[in-house]
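Q: If you read the sequences in order, they're chains A and B. What the first sequence shows, in our numbering, is residues 1 to 228, in sequence order. What the second sequence shows, in our numbering, is residues 229 to 503, in sequence order.
Since the hints were made in silico from the structure, they are not lab data. A few of these clues could be false.
Said to hold, decoys possible - For the chain A half of the interface with chain B, some residues (derived, Cβ under 7 Å), not all of them: (1) Pro-70; (2) Gly-74; (3) Met-117.
As the list claims (entries may be wrong) - Short, incomplete list of chain B residues facing chain A, as computed with Cβ under 10 Å: (4) Pro-299; (5) Arg-301; (6) Met-316; (7) Pro-317; (8) Ala-334; (9) Gln-404; (10) Ile-407; (11) Leu-429.
Claimed, not checked - FRET-style restraints, in silico, Cβ to Cβ: (12) A/Asp-107 to B/Met-229: 47 to 57 Å; (13) A/Pro-206 to B/Pro-240: 34 to 44 Å; (14) A/Asp-107 to B/Gly-333: 38 to 48 Å; (15) B/Thr-243 to A/Asp-107: 37 to 47 Å; (16) B/Arg-491 to A/Leu-112: 35 to 45 Å; (17) A/Pro-76 to B/Gly-333: 24 to 34 Å; (18) A/Pro-206 to B/Asp-425: 53 to 63 Å; (19) B/Asp-338 to A/Pro-122: 21 to 31 Å; (20) B/Glu-332 to A/Pro-206: 43 to 53 Å; (21) A/Leu-112 to B/Arg-238: 16 to 26 Å; (22) B/Asp-487 to A/Ala-139: 51 to 61 Å; (23) B/Ser-265 to A/Leu-191: 36 to 46 Å; (24) B/Arg-238 to A/Asp-109: 18 to 28 Å.
Think of the CB as a built atom: it goes at the ideal place given N, C-alpha and C, for glycine as much as any other residue.
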Amino acid sequence: MSWVLDNLDLIWSLTLVHLRQSLIPIVLGFVISVPIGWIAWRFRLLRSPIVIVTGLLYTIPSLALLAILPGVIGVPAFSEVNLILALTIYAVALLVRSVVDGFDSVDADVRLAAAAMGFGGPRRFFTVDLPLAGPVLLAGLRVTAASTIALATVGVLVGVTNLGYLFTNGLQRRIVAEVFAGMVAVALIALVVDLALVLLGRVLMPWLRAMATRRRGIRIGLGAEATT
Amino acid sequence: MIEFADVTKRFPDGTVAVEGFSIVMPARRTTVLVGSSGSGKTTLLRMINRMVDPTSGTVSIDGEDVAGRDPVRLRRSIGYVMQNSGLMPHFTVAENIATVPVLEGASRRDARRRALELMQTVGLDEGMADRYPSQLSGGQQQRVGVARGLAADPNILLMDEPFGAVDPIVRAELQQEVIRLQRELHKTVVFVTHDIDEAFLLGDQVVILETGAQIAQVGSPSEIIEDPASDFVVSFIGADRGRRALRLKQTARGTVVVDTEGRTQGALVAEADAP
Chain A
1 MSWVLDNLDL IWSLTLVHLR QSLIPIVLGF VISVPIGWIA WRFRLLRSPI
51 VIVTGLLYTI PSLALLAILP GVIGVPAFSE VNLILALTIY AVALLVRSVV
101 DGFDSVDADV RLAAAAMGFG GPRRFFTVDL PLAGPVLLAG LRVTAASTIA
151 LATVGVLVGV TNLGYLFTNG LQRRIVAEVF AGMVAVALIA LVVDLALVLL
201 GRVLMPWLRA MATRRRGIRI GLGAEATT
Chain B
229 MIEFADVTKR FPDGTVAVEG FSIVMPARRT TVLVGSSGSG KTTLLRMINR
279 MVDPTSGTVS IDGEDVAGRD PVRLRRSIGY VMQNSGLMPH FTVAENIATV
329 PVLEGASRRD ARRRALELMQ TVGLDEGMAD RYPSQLSGGQ QQRVGVARGL
379 AADPNILLMD EPFGAVDPIV RAELQQEVIR LQRELHKTVV FVTHDIDEAF
429 LLGDQVVILE TGAQIAQVGS PSEIIEDPAS DFVVSFIGAD RGRRALRLKQ
479 TARGTVVVDT EGRTQGALVA EADAP
């Protein structure tokens with residue numbers, strides 16, 4: 001425990017670095033996955049190939065990817081860019097399927113109504129399809145965030161410093177508290193990011209709470225009118 | 229006026245939903261397309277706002293072929309009310325109603341004012357304006373759907389089995405509401421249903437359809453009941469049974485009418501004027 005108290009500054013600075021190295025791939029992964037997932041959803045023939053190929057990306061061993069990528073993009077292995085890119089690839093691998101599922105979850109009647117009201121293509125995408133896919137997208141994003149934050153620690157094996165450093169250093173020096181501190185810090189980041197995503201979802205999708213209240217109201221036996 | 233001229237629709241999988249369909253739907257009147265499933269009635273309705281394009285033939289509004297109109301602009305100029313309301317679950321009631329005005333660039337304030345105005349028109353409490361559709365009953369949702377269809381003050385209102393999913397009491401209420409609205413607004417309404425009673429109640433012109441949108445009979449409800457064109461029509465409208473096959477019965481207090489089951493449906497108060 002004294003190791004932790006003596007090294008709070010180190011843990012804090014590594015936490016900030018770790019946060020940066022995971023948030024960028026989560027955001028990038030999302031921005032890249034939405035159009036890919038939309039194409040897979042919209043064009044039926046492309047659906048299976050896209051979902052399978054992106055899904056397979058996740059099976060590439062992370063250490064191998066971190067060793068190969070520098071040669072492909074021309075940055076040193078210990079560069080943060082290397083890690084961020086690798087994590088982005090894994091984020092895309094996880095998210096594309098969620099995006100496809102998300103668009104699938106949009107009620108066909110609602111899409112039909114939107115077309116009948118006179119929504120043009122792009123407008124329908126941004127005001128109808130995307131928000132209504134939101135709950136499924138958010139679920140996928142939460143899994144991706146947790147996975148990315150945990151996975152980022154492998155960066156330390158190719159020389160990208162983050163909270164993973166506490167694992168390798170703690171192991172070499174046999175300081176159990178250090179390894180433990182790393183685990184707790186990673187878990188805390190994951191928890192905080194998850195909470196932030198949930199809150200963001202509540203702000204962006206206020207209609208979901210209205211639906212949830214109604215469902216709860218019915219379950220505890222109140223009439224539909226009493227809850228409205 | 230909406231006119232179908234020799235319209236055929238063949239879907240990519242080969243099914244022919246509509247074949248050689250022609251009709252004139254007069255302006256400011258309610259035309260009801262009625263038929264069982266597979267009669268192509270919804271397909272016909274969707275050809276009017278180009279949700280479906282005909283394989284051959286033309287659909288025109290006031291003499292102008294809709295094929296020449298931009299679909300998005302055309303749809304905004306035509307009200308559309310569908311089954312299960314088709315409301316946007318993530319829009320509030322007011323936002324749902326004002327969908328088309330907002331698409332057309334109305335300011336937030338104008339859109340809201342228009343929405344509140346329409347809520348009154350269709351008999352919805354203004355306090356519901358900021359609720360989400362999931363917080364409303366089925367009947368209230370359909371009212372919102374009707375208000376949304378009317379929001380841009382379109383000349384034409386298309387209604388695709390709008391009351392098919394609500395319970396009979398609410399349906400009767402909504403039907404009366406449509407009759408009241410039509411008396412005030414005089415839209416050109418095209419209404420699709422499989423319920424012949426609804427068709428006779430709402431339609432100025434009723435079109436009875438067989439498979440492939442073959443017209444079995446067109447006419448006013450009275451014309452159809454008085455002179456069914458075929459056995460199909462007789463059996464479809466139930467002219468040979470129930471409360472459409474009535475007999476007179478003399479009682480001590482006067483003449484009453486009795487249905488095929490022998491149940492008295494009402495009393496004869498006077499002879500109708502000859503047409």
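Q: Confirm or reject each hint.
A: Okay, the hints, checked on the actual structure:
1. Among the interface hints, the one on A/Pro-70 is violated; its C-beta lies about 44 Å from the nearest C-beta in chain B, farther than the 7 Å criterion.
2. Residue-level restraint check for A/Gly-74 is violated (minimum Cβ-Cβ distance to chain B is 45 Å; threshold 7 Å).
3. For A/Met-117, the suggested interface contact is upheld, since its CB lies about 5 Å from the closest CB of chain B, less than 7 Å.
4. The closest approach between the C-beta of B/Pro-299 and any C-beta of chain A is roughly 8 Å, which is under the 10 Å cut-off, so the hint is satisfied.
5. Here the hint on B/Arg-301 is kept, as its CB sits about 7 Å from the closest CB of chain A, short of 10 Å.
6. Nearest Cβ of chain A to the Cβ of B/Met-316: about 6 Å, under the 10 Å cut. The hint holds.
7. Proximity of B/Pro-317 to chain A holds as hinted, the smallest CB-CB distance being about 6 Å (cut-off 10 Å).
8. Taking 10 Å as the C-beta contact cut-off toward chain A, the hint placing B/Ala-334 at the interface is violated, the least distance being around 13 Å.
9. Contact between B/Gln-404 and chain A, as hinted, is not supported at the beta carbon level, the nearest pair being about 21 Å apart and thus beyond 10 Å.
10. Using the Cβ-Cβ criterion of 10 Å, the hint placing B/Ile-407 at the interface with chain A is not satisfied: the shortest such distance is roughly 24 Å.
11. Taking 10 Å as the C-beta contact cut-off toward chain A, the hint placing B/Leu-429 at the interface is violated, the least distance being around 25 Å.
12. Taking 47 to 57 Å as the suggested C-beta distance range, the pair A/Asp-107 and B/Met-229 does not conform, at roughly 34 Å.
13. Remark: the range hint 34 to 44 Å for A/Pro-206 to B/Pro-240 is upheld by a beta-carbon distance near 40 Å.
14. The hinted range of 38 to 48 Å is not satisfied by A/Asp-107 and B/Gly-333, whose Cβ atoms lie roughly 27 Å apart.
15. In this structure the supplied range 37 to 47 Å is violated for B/Thr-243 paired with A/Asp-107, their Cβ-Cβ distance being about 24 Å.
16. Checked against the given bound of 35 to 45 Å, the beta carbons of B/Arg-491 and A/Leu-112, roughly 42 Å apart, stay inside it.
17. Distance hint check for A/Pro-76 and B/Gly-333: the Cβ-Cβ separation is about 53 Å, which falls outside the suggested range of 24 to 34 Å.
18. About 41 Å separates the C-beta atoms of A/Pro-206 and B/Asp-425, a value inconsistent with the hinted range of 53 to 63 Å.
19. At about 24 Å, the CB distance of B/Asp-338 to A/Pro-122 agrees with the hint of 21 to 31 Å.
20. For the pair B/Glu-332 and A/Pro-206, the supplied restraint of 43 to 53 Å is violated, since their beta-carbon distance comes to about 25 Å.
21. For the pair A/Leu-112 and B/Arg-238, the supplied restraint of 16 to 26 Å holds, since their beta-carbon distance comes to about 21 Å.
22. Checked against the given bound of 51 to 61 Å, the beta carbons of B/Asp-487 and A/Ala-139, roughly 57 Å apart, stay inside it.
23. Roughly 52 Å separates the CB atoms of B/Ser-265 and A/Leu-191, a value that falls outside the hinted 36 to 46 Å.
24. The hinted window of 18 to 28 Å between B/Arg-238 and A/Asp-109 holds, with their beta carbons roughly 25 Å apart.
In terms of the numbered hints stated before, the structure departs from hints 1, 2, 8, 9, 10, 11, 12, 14, 15, 17, 18, 20 and 23, listed from lowest to highest.
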